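Undergrad: Each chain is listed here by its residues.
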Amino acid sequence: MTRYIKYILFGILVVGLLSFTTNYFLISKNLDIFSAFFKEINRSYVDETEPSKLIRTGIDGMLKNIDPYTNYISESQIESYRLQNSEKITGFGLHFEMMENTPVITDIMKDLPAQKAGLQVGDKIVAIDGKSTIGKSKDEVSLSMRGQVGTTAAVSVRTIRGELKEISIKREEFHETNVPYYGMLNEHTGYINLKIFNPDAAKDVKNAFEDLRAKNKAIKSLIIDLRDNPGGLLVDAVAIVNMFIEKNKVVVTTKGKVAEWNNTFKAEADPIDTKIALAILTNSRSASASEIVSGALQDYDRAIIVGQKTYGKGLVQVTKNLTYNTMLKVTTAKYYIPSGRCIQAIDYAEKNADGSVYKIPDSLKRQFTTADGRKVWDGGGIDPDISFAVPTVNPLVKALIDSNVIFAFVTNYYITHPSIDSVDKFKLTDKDFDDFVNFAQSKKVTYKTETENFLTKFKEITVEEKYAEALNPVFAKVEASLQKDKNDYSGQKKEIIEVLENQICGRYYALPGKIKKSLYNDIYIKKALEALDNTVEYNRILHK
Amino acid sequence: MFKSKLKKLFAGGAIAVALIITLAFSSGNGYFEVNKSLDIFTTLYKELNTYYVDTLNHQQLIGSAMESIATSLDPYTDVISEENMADYRQMTTGRYGGIGSMIGTRDGFVVISEPYEGFPAQRAGLIAGDKIISIDGKSVKGQNSDEVSKQLKGKAGTQVSVKVERLNDQLKEEEKTMTITREEIKIKNVPYFGVIENNIGYIQLSNFTEKAGAEVHAAFNQLIQKNKIKGLVLDLRGNPGGLLNEAINVANVFVPKNVEIVTTKGRIEDQYKRYYTENEPVDINMPMVVLIDTNSASASEIVSGSLQDLDRAVIVGQNSYGKGLVQSTLSLPYNYKLKLTTAKYYIPSGRCIQAINYADKGEDGSLHKTSDSLRAAFKTRNGRTVFDGKGIEPDFVITPEYMSPVIFPLIVKNYIFDFATRYAATHKSIGNPRTFSLSDKEYDEFVKFVLSKNFEYDTRSEKALEYLKKLAENEEQYASIKHDLEEIKSKLSAEKKQDIYKEKKDILKILESEIVSRYYWQNGRTEFSFSNDKEVKKAVELCSNPALIKQTLHQK
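Protein chains in written order, with the numbering used here: chain A, 1 to 544; chain B, 1 to 556.
It is possible that part of the hints are untrue.
Just so you have them, the derived chain B footprint on chain A, three or more residues with Cβ under 8 angstroms [to be verified]: (1) 51 to 62; (2) 66 to 76; (3) 322 to 328; (4) 448 to 460; (5) 477 to 486.
Just so you know, these hints were derived from the structure itself, not from any lab. Keep in mind the model is a prediction, meaning the values are calculated, not measured. All residues carry an ideal CB built from backbone N, CA and C; glycine is no exception.
Working from the sequences, and respecting the hints, build out all of it.
TA: Structure representation (structure tokens):
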């Protein structure tokens, strides 16, 4: 036995050394070439060079060829890197947008400094620590909000009622909220919105689910909303799956170049509920950890997936420190869900002849089977069991949102209405809508639709191809029709009212109110409820 | 044991590197920044290779790092790896051993598409349209033009036997076999020179490889002595440039000895060089016009720009490309080469004509041309005002005309080519290339020939219409413009049907030029073009009017 182990060790050692020496030669050869190149450029180029900028370009160019998740993080990027990678941030606990060169609060997080200081959505932050914020970039303003935990910032605020207030805010450390809302959609269906997999994501989901179960004895189905969830911590994804499947089942396996680094993640705890009917909502921006949750539950035939095909990110990264306070985030493994499939959509090791990334074609996707024998495929995200066409946002509505006209109208509404009905009962009147149209028209929202922009290009092409003379009269008609469409408020009444109602509920009942209101007109929810309420259909989909 | 050896190796490496850098950066303050950057890169590279999920290709990694740095600087800076060196050499010297003909693919066969006058293929009697059946007895059926080209090429002096099929005067295919002696093919810098009309000479200069200056010199001499020309048109249209010294030599043909033509300046001192004419000119007074277009670049811009700045020639055509950067080729380890922009050049008025400032990118990395308000004014020798930052601006601008979308498919689908082949098979000669024209009846035959082939082609307008429809659908605007878009569609299709008749004049010129080339090759094409080339016409008009030239150039 010992001999056997020695033999194996020796084998590994020899193989390791051999590959190390050839690899070592190749690494040093290529670094040699690169060093000579880099020095020559910085010495002889016609213009003055910036070595740190050039090296960044070189590294980015090199890494871009590998995959989009292997990244170089320079000293100046570390702060924003932390933000995007489930690390804690320090600040006021609010979101803001620059509107007319001024930061305006768009969301206030629960129990954090901004809320404690009595700030409201719509308030303008005009100065921080005596320095004006007006005309600054969004990044600059964010930076001045951040700082050491426990330090205090003097903040000048122009409130939505126009008063100027000087307040002091003590900075705290916090995460983006994992579960901004949960509740019942009807007597027997619970809903949990999971926005991100930050630390405690599993605990937050567990608490939400247990609270729903405790308060609603009739609960018999649950919807977990993973739309727009970019992923995050793998262990939390595993723990969430664990709530619904039996102990000791494998949830996910990671495999890389070096076998010793491979890892298997199992359901280690006792489940909470292996019976409740489950629907997971996904869209094309549900990625990574979201795909582990939806994919593992699909592979165990434990949940129906409702919505759109997920993003398709099946690669795991770790962060390594480099010299001079820089970092490398590097893809070290692929993950595989229980049926054995990897859901990575793009094979970065392969390239098309023109160098573009290679999307795995349907014909090369491999088939796998779920626990109950359903067919599933690798190479391209999680396919929903129920999918449908998602309505696009009308350009007028988009322009009203983007130009903050909706936001400004909602602020006015909030000032002039001390309270509103509960979220489920609240409705805008026809008069409210007319007020909005008058308000919007007085703001003279100008915008160009993509159709309009392209029409200009189309006209140029017809000039070049000598068809313009024959077509110009028709173009004039098209332009007139497009112009008329652009101001067709009554045609978009339903959509505009929905957006307004969601936003207004958000002002009175914060983010949970906004999310709750939006669910009433949500096609994903409608489809999920239909399937959950139809036991025969639900079982048919899952081959039960 | 192994480890300690490694350590020594590293230590030795570090000393060597340190020495080189100390030498290189003894004067600058970039030492620390460069070293720091390289240190980060080295660590990152090693970590990446250790931890990445798959095994990575080193050459590709370093290649893309270098390439992205090079392209971020400007489009001319480039790294060339060992294996790409052979191509690069051929590109820069313009030589290969072969038969001297262009070839193309037609219906599964490779055909001779344009033999070069005076080269082996043409001398052996190969003509455009010949279908290559076999080479040295081996069938080449089904091979692509790269494969065929490889077999036609070989050492100079060796022979190759080519069996072809050719249309006879009954339009029946006949087999012919020809033996050709391969030669080193050197394309001339001056492919054509001659007289246009009224004693106006014409020299076409299509490249600046070695001897460009000598070729122009000889051509000009001959035109003066044999043809007694009174004015000269130098055609630099489409000339992408080449060797800087040859640009000086070409300019020297027209300006006196010891005149400064160009100065190069870089960041390091050895790039500061002033270039003067070194020889006696041929003629410094003869009325002269230089033709340029948007593809006239680099050395072409030195010639046209210096002749403009010295008020020696009138420039006609379109704004030139605007490349005012000079590259040097430097050696890197392991046979890599670095082509690096090391200097800008300045023509006699002191201006640099570089159009795009690559150091100044938009936030999204976009490049933009120098805006007119930022362009500095300079004076020519006679005090005319000229500007930097936008290539050479012609004294007389000729606006190019748009080409109808019907023309391109007629060319690429070989209808022009095939009709010309049939014409050449059935007509023994065509008379003077300068005055050749097809009759209306012959054009009708051509139209019939094309329409019999179920001629179909795409237009960008139709594609744009489809795209517009999709956008409108996405933006919920399709319903209100549906009717209008359908009207556009039917109008476009009606217009398209008329194209081949409407564009008769332009199509005829291309067809006639192709036919002329079957009897008089490339020079025939050039001579044929004289009668309908707007830029040449303007040049002739100017050369025939020395007073106007003098006036334009502010000559006393």
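Undergrad: None of the hints should be skipped; say for each whether it holds.
TA: So, going through the hints one by one against the coordinates:
1. 51 to 62: Coverage by chain B holds for the stretch 51 to 62 of chain A (10 residues, Cβ < 8 angstroms).
2. 66 to 76: n = 3 at 8 angstroms, threshold three: holds.
3. 322 to 328: Since three or more residues must qualify, the claim that chain B covers the stretch 322 to 328 of chain A holds, with 5 doing so at under 8 angstroms.
4. 448 to 460: holds (count 7)
5. 477 to 486: That given contact holds, which follows from 6 residues of the stretch 477 to 486 of chain A lying within Cβ reach (below 8 angstroms) of chain B.
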